[in-house]
Amino acid sequence: MNNKQTVKKPEISFVAFFASVKLSIFLLLTVAATSVIGTLIPQEASLREHYQNFGPTLFRIFDTLGFFNVYQAKWFQFLLGLLAFNLIVCTLKRFPITWKLVTGVTPGFSQGKFNSIKEKHQFTLKMSAQQAQATVLDIVRKRFRTVTEGREGEAFTVYGEKGRWTRMGFYLIHMAFLLILLGAIIGSVFGFSGYVHIPEGESVQSVENKQHEQEMALPFTIKCDSFSLDYYEGTRSISEFTSFVTIIEPGKEPWQTTIRVNHPLRLHGINLYQSTYDISQHSGTIDVQFTDPETGNSETVTTTITQMSPLPFDKGSFMITEYIEHLRSRDGHDMGPAARMHMFSENGPPAVFMMPVGEPDFMQNKMGLDVRVIQGEVTPIYVTGLKVTKDPGVWVVYAGFILILVGCLVTFFMAHQQLYIKISPKGNRSFVEIGGTANKNPQGFEERTRRIARRIENKE
Amino acid sequence: MVLPEFLESSLVLSVVTFIYGAAAVLYWANWIFEKPVLGRSATWLMVIGFLGNTGGIALRWVETYVQGHGRAPFTNLYESLVFFSWTIALLYLVIEKQHKIRSLGAFAAPLAFLALAYAALQNKDIMPLMPALKSNWLIAHVMTCFLGYAAFAVAFGLAVIYLLKARDKGLAWLIGAIFGIGAATLAVTVTGMKTDSFWTLAGSGFFIGAGGALAAGFLTATIINLIKQNDPEGQGRLTKMLPDLGVMDELTYQTILFGFMFLTAGIITGAVWANSAWGRYWSWDPKETWSLITWLIYATMIHARLVRGWRGRRTIYLSLVGFSAVLFTYFGVNTLLKGLHSYAT
Ligand code: HEM
Chain A
1 MNNKQTVKKP EISFVAFFAS VKLSIFLLLT VAATSVIGTL IPQEASLREH YQNFGPTLFR
61 IFDTLGFFNV YQAKWFQFLL GLLAFNLIVC TLKRFPITWK LVTGVTPGFS QGKFNSIKEK
121 HQFTLKMSAQ QAQATVLDIV RKRFRTVTEG REGEAFTVYG EKGRWTRMGF YLIHMAFLLI
181 LLGAIIGSVF GFSGYVHIPE GESVQSVENK QHEQEMALPF TIKCDSFSLD YYEGTRSISE
241 FTSFVTIIEP GKEPWQTTIR VNHPLRLHGI NLYQSTYDIS QHSGTIDVQF TDPETGNSET
301 VTTTITQMSP LPFDKGSFMI TEYIEHLRSR DGHDMGPAAR MHMFSENGPP AVFMMPVGEP
361 DFMQNKMGLD VRVIQGEVTP IYVTGLKVTK DPGVWVVYAG FILILVGCLV TFFMAHQQLY
421 IKISPKGNRS FVEIGGTANK NPQGFEERTR RIARRIENKE
Chain B
1 MVLPEFLESS LVLSVVTFIY GAAAVLYWAN WIFEKPVLGR SATWLMVIGF LGNTGGIALR
61 WVETYVQGHG RAPFTNLYES LVFFSWTIAL LYLVIEKQHK IRSLGAFAAP LAFLALAYAA
121 LQNKDIMPLM PALKSNWLIA HVMTCFLGYA AFAVAFGLAV IYLLKARDKG LAWLIGAIFG
181 IGAATLAVTV TGMKTDSFWT LAGSGFFIGA GGALAAGFLT ATIINLIKQN DPEGQGRLTK
241 MLPDLGVMDE LTYQTILFGF MFLTAGIITG AVWANSAWGR YWSWDPKETW SLITWLIYAT
301 MIHARLVRGW RGRRTIYLSL VGFSAVLFTY FGVNTLLKGL HSYAT
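If you read the protein sequences in the order shown, they are chains A and B.
Going by the numbering used here, the first sequence opens with residue 1, and the numbers climb by one from there.
Going by the numbering used here, the second sequence opens with residue 1, and the numbers climb by one from there.
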């Protein structure tokens, strides 16, 4: 037994452990396996719902293990950190070697390498070996970046090489992966996300930050001029939500713009997304008809929503406090628009009741009057709900995205190709042998070598 | 513009479904009876099916304009399945042309057929798009994802051929699993109509599924052993017709690389879309997470192969695991897990 091997230096085995692909395979599969948990346990449910689902014992176990918030759990982020560390250590260890390999001198034709190529193409050309070499060089130079010529005893040799740099391709993928993680960290440290709800005609200057429960001041004021809902023609399907806003920046003329779904507004590193909408209240006028059942006299009063108006026949006053577009009956049936009426008399308690709007047949008797709501001219006042985010890490992540795609292209579909050609004189003819190697997709390169061989063969 | 009725995309696509089915039968017949005329007609049918499939997609595109809210036809489950079978047919035809592996047709054509047949069960209405889905990133997302999925499906077919050629015991596991899942699904649907009890459902699903899996697995294993005893060298006609194991291994791997590239692009375009629609490029929603899991499994396979030099059955097994993750991402998440994803309805 070799004793030297068993007594490894601790720092070397530490590096070896963190640089090993076994560890990365283990980590990749562990991250995959633990990610499953978060898809089985709905992560957006509340703790109370989890408690009801799992019962006290399982709940306590899952809660301790962080299963209700897997992707933010310390151990999950630790796994991702280990993966990144693994990658960094292996890159630091490997990169100098790869770099030397890629930037080193061209090895040129080597008889040993040439002999080790199993499948070679052989043929004779009706020209001298020197002429043949010139012909071959001509063809190979067009297809390979680095071409060297040489002599091997009697024989002439040609060596072609390209794509040595593609051996670096996987570093691009690995760097991209690190960039994406870095971008995510930058986003979670320096970014924020929150919501603003702006009624039409009003403006806001700060956002409520969900994570830190604090108000964040915005570098500009945003005023909602109006909000519109567009429908596809002849349907009830919404085609677009649009907020028309005015942006007021200090020291600048206010300017107007729109925010739509999929078309966020990006300003000073802050993004505003059309997220939700609501109707805060309605404005407009409603015609209410009051009839005195004893005399049969009736009078129609046009009232403005949320404004007190006098009742006819000196009965007191009334107000419509709220207009509702869809009144739901007890069984969930949509009864159409309705108004909430408040009637006040000089003496006695007020009457509060709902009236359908635009149905004169519907009548209620309150305070000795028959009340009918004839019609209304009402428009809703919308509240636009904007999601506000700041994520300075996004560009780092996107850079990672581009890099990973480029890296995949290089790593998967480009190869380091080497072509070895030996031309031996044979009387006044020459005997040509061609062999090629590639570090990837050997069959593909084999096909290419064959084509080049045929090309040379036909060049006589 | 009004199109003649026989030029309705759904009608064209139903015809294409049958053409793919017929191609599948011919590919099998070609493999078993080894008659060149069968193989050639199978290829022709596949080409015709592919052209019809292309026409169907184009017609549907036109139909969205006729309905007045024109959009690219890649936005719901039905359309994605149609596109899925299109990509399978395309990839298969390219591989057949380049590598002359007709036996792969015996697996690729049925997959294209199944995808279209399953599509026929989906809601085919051309619905106008909700605002969040109106994005070019969504189109790029669907197209790249499905190119990736189709490549993985073709790689699955190649992996099955590899196992057949190697007469590998893994085949028994695979067929056992397929039958087990099929039996469990059938049991749950049949008993599900008569019972509301979760435990009856789960119990019958589990036991019938496990029974089916065991029976099918054992049967396959026995058949493999029998064949191996009769023909220890693998010189039987059916196995001999299949390409060399090394070729299959490399081709499976190349196909998976292609799929991995597009899956990566699919995840990325999805993230960019999410960021433009909701202001978040990644939210760990089940669909996203499962596509990441799939990505990680195939990444593992690529590492095992590139760095640790795994070849043959071990990488083939990993690619089967990867493909089951693909299936789960595509179907399982929608049916078994509820998510925010728009297809999940
Ligand atoms: C998901 C994140 C990834 C992690 C954490 C990761 C990790 C690693 C690690 C630790 C090594 C060992 C390097 C060494 O020993 O020198 C490695 C090697 C490698 N990885 Fe990755 N990898 C990831 C993604 C990828 C992807 C997607 C590819 C695509 C092809 C890839 C391609 C390679 C290659 C080609 C090597 C071989 C290096 C060599 O030995 O020459 N990696 N990877």
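In short, the hints are calculated from the structure, not lab data.
Hints should not be assumed to be uniformly reliable.
With beta-carbon atoms standing in for the labels, derived distance ranges [what the hints assert, rightly or not]:
1) A:I279 - B:N136: 30 to 40 angstroms
2) B:R308 - A:L409: 56 to 66 angstroms
3) A:S46 - B:W199: 19 to 29 angstroms
4) B:L7 - A:T306: 32 to 42 angstroms
5) B:K97 - A:R151: 53 to 63 angstroms
6) B:S14 - A:I279: 41 to 51 angstroms
Keeping only pairs whose Cα atoms sit at most 30 angstroms apart, straight-line, the calculated DSBU-like set for lysine-lysine is [as the list claims (entries may be wrong)]:
7) B:K165 - A:K120
8) B:K134 - A:K223
9) A:K120 - B:K97
10) A:K387 - B:K97
11) A:K142 - B:K97
12) A:K100 - A:K113
13) A:K22 - B:K240
14) A:K459 - B:K97
15) B:K35 - A:K118
16) B:K100 - A:K118
17) B:K240 - A:K120
18) B:K134 - A:K22
19) B:K240 - A:K118
20) A:K387 - B:K287
21) A:K162 - B:K97
22) A:K74 - B:K287
23) A:K120 - B:K100
Just so it is clear, the structure is predicted and the values come from calculations on it, not from any experiment.
Beta carbons are placed, not taken as given, at the ideal position from N, Cα and C, and that holds for glycine.
Verification of the hints:
1. Checked against the hint of 30 to 40 angstroms, the C-beta distance between I279 (chain A) and N136 (chain B) comes to roughly 32 angstroms, which is consistent with it.
2. In this structure, R308 (chain B) and L409 (chain A) break the distance hint of 56 to 66 angstroms, their C-beta atoms being roughly 23 angstroms apart.
3. Range check, S46 (chain A) to W199 (chain B): about 27 angstroms between beta-carbon atoms, so the 19 to 29 angstroms window is met.
4. Separated by about 58 angstroms at the C-beta atoms, L7 (chain B) and T306 (chain A) break the suggested range of 32 to 42 angstroms.
5. Range check, K97 (chain B) to R151 (chain A): Cβ separation about 43 angstroms, and the 53 to 63 angstroms hint is violated.
6. For the hinted restraint 41 to 51 angstroms between S14 (chain B) and I279 (chain A), the CB-CB distance of approximately 45 angstroms keeps it satisfied.
7. Taking the CA atoms of K165 (chain B) and K120 (chain A), the gap is near 28 angstroms; set against the 30 angstroms cutoff, the hint holds.
8. Taking the CA atoms of K134 (chain B) and K223 (chain A), the gap is about 26 angstroms. The hint holds against a cut of 30 angstroms.
9. Only pairs whose Cα atoms come within 30 angstroms are accepted, and K120 (chain A) paired with K97 (chain B) is accepted, the gap being roughly 25 angstroms.
10. Of the supplied pair hints, the one linking K387 (chain A) and K97 (chain B) is violated, its CA atoms being roughly 51 angstroms apart against a limit of 30 angstroms.
11. Taking the CA atoms of K142 (chain A) and K97 (chain B), the gap is near 28 angstroms; set against the 30 angstroms cutoff, the hint holds.
12. With a C-alpha separation of about 20 angstroms, the suggested pairing of K100 (chain A) with K113 (chain A) holds against the 30 angstroms cut-off.
13. A C-alpha spacing of about 37 angstroms is found between K22 (chain A) and K240 (chain B), which places the hinted pair above 30 angstroms, so the restraint is violated.
14. The straight-line distance between the Cα atoms of K459 (chain A) and K97 (chain B) is roughly 29 angstroms, inside the 30 angstroms bound, and the hint therefore holds.
15. Between the alpha carbons of K35 (chain B) and K118 (chain A) the distance comes to roughly 35 angstroms, so the proposed pair goes past 30 angstroms and is violated.
16. Straight-line distance between C-alpha atoms of K100 (chain B) and K118 (chain A) comes to about 24 angstroms, which keeps the hinted pair within the 30 angstroms bound.
17. For the proposed pair K240 (chain B) and K120 (chain A), the alpha carbon gap of about 27 angstroms is at most 30 angstroms, so the pair holds.
18. For a cut-off of 30 angstroms, the pair hint linking K134 (chain B) to K22 (chain A) is broken: about 44 angstroms separates their Cα positions.
19. Straight-line distance between C-alpha atoms of K240 (chain B) and K118 (chain A) comes to about 24 angstroms, which keeps the hinted pair within the 30 angstroms bound.
20. Taking the CA atoms of K387 (chain A) and K287 (chain B), the gap is near 23 angstroms; set against the 30 angstroms cutoff, the hint holds.
21. With a CA separation close to 28 angstroms, the supplied pair K162 (chain A) and K97 (chain B) stays within the 30 angstroms bound.
22. Distance hint between K74 (chain A) and K287 (chain B) is fulfilled; the C-alpha atoms sit about 23 angstroms from each other, no more than 30 angstroms.
23. The straight-line distance between the Cα atoms of K120 (chain A) and K100 (chain B) is roughly 23 angstroms, inside the 30 angstroms bound, and the hint therefore holds.
The structure fails hints 2, 4, 5, 10, 13, 15, 18 (numbered hints given earlier, in ascending order).
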